[in-house]
Amino acid sequence: MAPLLAVDNLVKKYGDLTAVDLLSFDVEAGEAFGLLGPNGAGKSTAMMMICGLLAADYGEVRLEGRRLDRTRPESRQRMGVVPQDLAIYPDLSARENLLFFGSLYHLSGSKLRRKVDEVLEQVGLTARADDLTDTFSGGMKRRLNFAAAVMHDPVLLILDEPTVGVDPQSRAHLIECIRSLQQSGTAIIYASHYMEEVQIVCTRAAIMDHGKLLACDTIPQLLKQIPFEVELRLGQSRVPEGLSLDTSARIELDGDEAVVRFSTQDQSCELALNRDVTNILTALEQHSISVRSIRTHEPNLERLFLKLTGHRLRD
Amino acid sequence: MISTDAFKITLKDLRLLSRDRRALVILVAMPMVIIAIVGSSTGRLRDNREQSRQGLTIEVADFNQSETSRRLAGFLASYDSVKVRRAEISNRSDAKVLERFSVERPTDENDMRLVIRPGFESRIRELSTTLLTSPDESTRKEGLANVNLALISNETAADPMMEGLAKSLVKLSLQNAILPILAEKVPSFRGAARDSVIPVAWETAAVKAGTPDTGNRVYQFFIPSYTVMFVFFLVNIMGRSFLSERDLGTLGRLRIAPISSTAILIGKTLPFFILSLAQTIILMISGRLLFGMSWGPQPWLLLPIMFCTSAAATALGLMFSTLAKTESQVSSVGNLILLSSAGISGCLVPRAWMPPLSQKISLLTPHAWALDAYSELLTKEMPSIAAIGQSCGMLLLFSAVFYVVGLYRFRADG
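Here the protein sequences come in this chain order: A and B.
Residues in the first sequence are numbered consecutively from 1, following our numbering.
Residues in the second sequence are numbered consecutively from 1001, following our numbering.
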């Protein structure tokens, strides 16, 4: 069976710069797919090509098995887009904005009005529905920006950095809305450089940098590439010569302080981790060495990105 | 489907425009104010509309009471745009009365006063045949005073154009008035003198019955000119609207909606077309009610002119909107286009005053064709429908070219 969305070898060039280089991935119905990468990685360009706002130099996009054609506007009916920048009319009220955008997707009459009320409730703007959006806070505008994209119950919702510049409360509200939408069967493409959000919202993700796809898999599979690390700081610079630790552990000097580091690739084996920690602590105690602090480094997408590209995600 | 989608965008933009007070002020209030200011500077506001409707009003103070002086006033009254009033003179032999009429300016109802001094006819008889056959020569050196005439203008009407016009009309009338005297000296003029009959008794010709309502002639020029100029101010407002839609990101949202780019363009253009028509209608109605302007003998012909002018203005606005990239481009380039095209086309200075080459160049602007159509309708007793049709056709041609370029640019950008 064909995936809901199939992106096949998309290429976009601006002169000598290749903004998107042979990008391919699929999104299944009801799936939340993350597109992770730093600013300038090519995420927004890819999103614009998928939603038909930008012509691809090469490659194609298929939605529900049908090729998306920029010259056929009706092919965009089943897709919703939350653009990176706000795209609402400040001189219209929240209700007027939604009535207008809903009507563009051929909703009308009582069905349109009901849907507006429902979406306003969903994003928590019912109380301010008839106020001009110019008077809204940044977070409220973001929520309305989101609401305008889901008026027509799209089968695929594309979100391009939907939480940029949003206060924590609105961010939590938005993420809750997105999760709720995904649970009701809408497929999501979530492009962000906030890896925590991608990890919370998405089940599968692709990592992009310089227009290229570096990795694409389920989040747990992606995280398996990164070891779980434990770091014990000893509070002294010297360690006795006879100290023997587990073979995978190593003792390093970090400034004036000795540090014991060890890692495990298999996160599921908690027993092995417990055993290693216990053994090392016992060995240190036998040599009367006290531990000043213990720190763990869990696998995450940020560390995966660092491993794949050699630089941090927000560089 | 395109029309339905376009209509949705049009309704949205009309709602936004109704909340944009700056646009409404620029499009409606500003032209009204400018027309009123320019109009009032000519002394032809509504209060003296009746006087203005008659064109030039000349009060004749006849201290000579001769056949020639009566003929002079009579021929003067025979001009279409001249109304002659007889001054009430208490005592013609009183020098003080003559002095007062010669020095004091005429009252507001009269633009000019022609004083025919007591020695007028005898002075004419004294002139040589050469001077009589060329009255222009006889008045060149010392002016009308050489033949015992004086022309005094009203304070509010004291502009060189009006004085020049009045002086020319007096000289032309004088040529006819002196024909009997000339015939006495030169027999070959007898036939001309016999045929030279005053068209109507000037004392009763104050109001010419049956003369079509040609309206207040000043506003017949000002109102269409400023209306056309300000209709094209839409170019700026449309540019701002498109730019704002682009900056707000809503143009992108429109483009990713399941509607065609043609529907977007029509939807974005139609509100301004409606606004432009409303603007023109308001200015024309105001022109009639406030300034006594005439809509011409066939007012229904205003409709195709308004329609085609608005179509050309909105299509130009559309093209400009797809070419302008920044707010400063809209302001600077937009104003440059508007003011220069208004100047070239004859919105600011009548085309008739321009050199022939400039008149030809002006036809490269849609404004000039619109002005031609308005001029044909509003200033002629029998406007030519063919001439108006030609102007409207040219305006539609401009509209089509502008629209096609705009559509091409819009699609190329997307």
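Any given hint could be a false lead.
Pairs of lysine-lysine residues, derived as DSS-like cross-links and limited to a Cα-Cα distance of at most 30 Å, are as follows [claimed, not checked]:
{"no.": "1", "chain 1": "B", "residue 1": "K1380", "chain 2": "A", "residue 2": "K111"}
{"no.": "2", "chain 1": "B", "residue 1": "K1008", "chain 2": "A", "residue 2": "K13"}
{"no.": "3", "chain 1": "B", "residue 1": "K1360", "chain 2": "B", "residue 2": "K1380"}
Away from chain B, derived, C-beta distances all over 12 Å, residues of chain A [as the list claims (entries may be wrong)]:
{"no.": "4", "residue": "R76"}
{"no.": "5", "residue": "H173"}
{"no.": "6", "residue": "L214"}
{"no.": "7", "residue": "V291"}
Think of the hints as simulated: they come from the structure by calculation, not from any bench.
All C-beta atoms in this analysis are idealised placements derived from N, C-alpha and C, irrespective of residue type, glycine included.
Hints, one by one, checked against the model:
Straight-line distance between C-alpha atoms of B:K1380 and A:K111 comes to about 57 Å, which puts the hinted pair past the 30 Å bound. Taking the CA atoms of B:K1008 and A:K13, the gap is about 35 Å. The hint is violated against a cut of 30 Å. As the CA atoms of B:K1360 and B:K1380 are separated by approximately 22 Å, the hinted pair is consistent with the 30 Å bound. A cut-off of 12 Å between C-beta atoms contradicts the statement that A:R76 is not in contact with chain B; the least separation is 5 Å.
No beta-carbon of chain B comes within 12 Å of the beta-carbon of A:H173; the shortest separation is about 21 Å. Even its closest Cβ contact with chain B, about 27 Å, leaves A:L214 beyond 12 Å, as expected for a residue assigned away from the interface. Residue-level check passed: A:V291 sits 54 Å from the nearest beta carbon of chain B, beyond 12 Å.
Consistency note: the structure conflicts with the earlier hints numbered 1, 2 and 4.
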